[in-house]
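Colleague: Take each chain as given, in its own frame, and dock them per the hints.
Here's the letter readout for the chains.
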Amino acid sequence: MKKWLIVLLLLACPLSVSAQDRLLEEQAEVAGIPQLNQQAEKLLFPYTQDLAPDLDMDRLTRELFRGQWRASPGTILQKILYVLLQECYDNLAGMILLLLLALLCGLLTQLGESVQHGAQTAAFYVCYAVICAMCARMFQTAIQGGTDAIHAMSEFVTVATPVFATLLGAAGQFTGAAIFQPVLYGAATLILSLTGELLIPLISAIFVLCTVNCISTDFSLSKLCTLLQKAVKWMIGMALTVFSGISVIYSLTSGTLDTLGSRTIKFAIGNFIPLVGGMLADSFELVLSCSAILKKGVGVAGMVVILLLFAGIAVKLVAQLWLFRLGAALMQPVSDKRIVALLDHTADCISLLFSLLCMCALLFLIILVMLICMGNVSVL
Amino acid sequence: MILPVVGLGVLAAVTATLLRRYHPELSLLVGVGASVLLLGFVLSSLSSLTDTFFAIAQQAGIESSLLRTVGKIIGVAYIGQLAAALCRDAGESAIATNLELCTKLIVLTMSMPILSTLFSILSHIVR
Chain A
166 MKKWLIVLLL LACPLSVSAQ DRLLEEQAEV AGIPQLNQQA EKLLFPYTQD LAPDLDMDRL
226 TRELFRGQWR ASPGTILQKI LYVLLQECYD NLAGMILLLL LALLCGLLTQ LGESVQHGAQ
286 TAAFYVCYAV ICAMCARMFQ TAIQGGTDAI HAMSEFVTVA TPVFATLLGA AGQFTGAAIF
346 QPVLYGAATL ILSLTGELLI PLISAIFVLC TVNCISTDFS LSKLCTLLQK AVKWMIGMAL
406 TVFSGISVIY SLTSGTLDTL GSRTIKFAIG NFIPLVGGML ADSFELVLSC SAILKKGVGV
466 AGMVVILLLF AGIAVKLVAQ LWLFRLGAAL MQPVSDKRIV ALLDHTADCI SLLFSLLCMC
526 ALLFLIILVM LICMGNVSVL
Chain B
-9 MILPVVGLGV LAAVTATLLR RYHPELSLLV GVGASVLLLG FVLSSLSSLT DTFFAIAQQA
51 GIESSLLRTV GKIIGVAYIG QLAAALCRDA GESAIATNLE LCTKLIVLTM SMPILSTLFS
111 ILSHIVR
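Line by line, the protein sequences give chains A and B. For the first sequence, my numbering gives the first residue as 166, with consecutive numbering after it. For the second sequence, my numbering gives the first residue as -9, with consecutive numbering after it.
Honestly, I wouldn't trust all of these hints.
According to the in silico footprint, chain A covers these stretches of chain B (three or more CB under 8 Å from chain A) [to be verified]:
no.: 1; segment: 41 to 54
no.: 2; segment: 57 to 68
no.: 3; segment: 89 to 95
no.: 4; segment: 102 to 116
In case anyone wonders, no lab produced these hints; they're calculated from the structure. All C-beta atoms in this analysis are idealised placements derived from N, C-alpha and C, irrespective of residue type, glycine included.
With the rest of the complex left out, here is chain B (with noise of 0.2 Å):
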């Protein structure tokens, strides 16, 4: 499982380096296309680890919709940073920056159910 993905990462790195010279724009999208392989295979394997934490929560009690959007947040923060990071790569950190900032709006946006069901919580036991 890890050599593949070490092997993947590091011979994209050195690709890139050596493409860096001459074609700098191709250096970037071998920069872009390791990291969706890299996520795609890591992501493949990810299902049983959902799948155990699903099972985790429904014997506790709590709704799979909360955690749903807890693993959705975390790809979308993921996903935001990394194409950030690659804006920055490329030298736009203007674009990476406002990137950032969507990823955020994003973020907060989707948090939206989980913040009002801890609010109504929180006032309920205020009272």
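One chain only, chain A, in its complex shape (with noise of 0.2 Å):
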């Protein structure tokens, strides 16, 4: 007889673990989580085909979900040095270029300094728009990758915000639910507008303004260069406080009411509902928690989706930011000033791009991290 009970308790320990996975499994459809991961791996291919080609969000999410899923930060920082050499090498050979050119600029200076405004400062001149107009391209580029990245970001984040808000409900987080839709939606169209809007064309301006400021060594505007990029990193510095705290904020006070709330519900079922009260008020609990290890796993896949939308540009604002930095520091010596300066100039917008791109991912990271912090403080 005790063998049998023995039998029949080992028999139903893998049942009840499949049964969790049906339930997660349903949960996971009826929350639209399957959609989201479509869209998720659409958003990302262009971002991450060299990065992480062999992506799939869905065996993510559920390796996510079942607590399975582990990196190797090896085999990732192997990654990105790849990504970050091939980067490199894509634009090693316009930098050699520039560089080139750079050196004939200095030549034609050196030898146009005998002769005060001959014709050699007007070949000068030709020789600095095409600099100009080189880095200008790369810097273009530079910039349309950056928005692109945020874009896609926000849109991850509005696409994502419906299922959060299924998901949160469905752990007993009605107030959050409430609340942190129009959060995520809210910081997701601002962060959009106020780098779309304002940021992105504030620090074009400044790499044209810097660019302008160089040609000529009386004429200068650094005051003003430097006027707006304090300008710009103020911005980033303050939207950066301003919505950590906010959310901060709707998250512990959300968090709280919603453990109210769940307990309330549980107490209400556990004790008006006759007979099968007690029952049916563990049930309840066992779909709150496996809504919360839904969202978590979604929180944290989502926090994937951000790092690797962030990683795949961001290495390759990297590699440009060091290569215009390495050639400012080879030309210094033996090309002209304003050449150099123009080099460092660039590498400076490129460095704010960078920042602004910093900013948008950290605060997509904090308001996913919240929400998958609320599920710690109301699950019973």
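Modeller: So this is what it looks like as structure tokens:
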């Protein structure tokens, strides 16, 4: 008899696990996670084809639900390094040409020094214009990539918002769902309009001003450039502080309210429904925790998506940034100082763009972390 | 490579100095001839350099017309400068100044496509 009982128990264990799995799958289906995954894959494709070519969001979320996902830091670092080197190599030819032209400019100014305002000066300006055009083209691709990545991130968060709201509601966080949907949505649109309408045009304007500033040694706009750069840095810092502060406050207050709410519901089910009330209250708790697991899985998957979007373009920006810095360092002894200043300013503008991208990624990550943490507070 | 160039230059300078005492007009001609010879000498070996330049440009995805214009402009500037210096040597500084101005104007006209490219890129960035 005892033996049979043990066998039955052993049989029941996997059964309960599979029941939990089924519940997870059903909830995932209802919340629209497969559609979200498809959307994420579509958004990610242009950014991650070299970083993570075999990305499968469905598998990723499933592994995250069950806690089986293992990422090895070594492989990730290796891949990032590979993409970095690839990007450096892609930009190398352009950079070498730029440096050769800068060298030519240096020679022209050296030769032209004996004759003030000779024809060499005119030739120097032409060379300078070509270098400017090349820098501008590189900068343009950088800014295009950055804008696209920010758009993709905010689009992902906008698509993910209803799914999160459903899961939050299913996990018993009604206040959280009610508050977070507008907060998430508002944050996504606000960040997008702030970057698209204000910061990206400002960074472009800074680049153009720097280019104009470097043309002549007599005519200087350097203070205006510094002012605008500082303004952009301040705005990035302010946006980060304000948004993270608001989302922390919202998540704290709504988390406490929801704990109260789900406790009340459980108490009500347990006490006011006759006979099966206690059992129902327990299954209510199971549903709640399943939703919480799903929410965490989706939240972490969302973080992975945002990080991948960020890393795909950030690596490229870093490669360009350091190529420009390297070029400026190499050219300083041999070339004209205006050209060195131009290369340096281009690197500065790219680094501004990089910090803007960091800000956007960080804000979206903070929002997702808040969502994940809310589950910890309110599930009983 | 460098020895013939240096030899030719020094020889021309010595000849011009010797000639200047008796036939100043001939010494000027020696200067012109030596300059043309020197330029031709260096230009013939310059093709490998420009080939490398164009190869790199092609790899970087930059139109070779842009670089061709740059090369032409630098050449024009040098020739104009050289001619102005020769005129100055001959004592005609008014012609030399005028020649420099003309060279600058020609350079400006030739650089218009480059400048318009630059402006279109910059205005596209600012939009």
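Colleague: For every hint, state whether the structure bears it out.
Modeller: Evaluation of the provided hints:
1. Note: the segment 41 to 54 of chain B has 7 residues with beta-carbon separation from chain A under 8 Å; the three-residue rule is met and the coverage holds.
2. Three residues within the 8 Å Cβ limit are the bar, and the segment 57 to 68 of chain B against chain A gives 8, so the coverage statement holds.
3. For a cut-off of 8 Å, the count of residues in the segment 89 to 95 of chain B with a CB near a CB of chain A stands at 3, and the three-residue condition holds.
4. For the segment 102 to 116 of chain B, the stated coverage by chain A holds: 9 residues have a C-beta nearer than 8 Å to a C-beta of that chain, and at least 3 were required.
No hint from the list above goes unmet by this structure.
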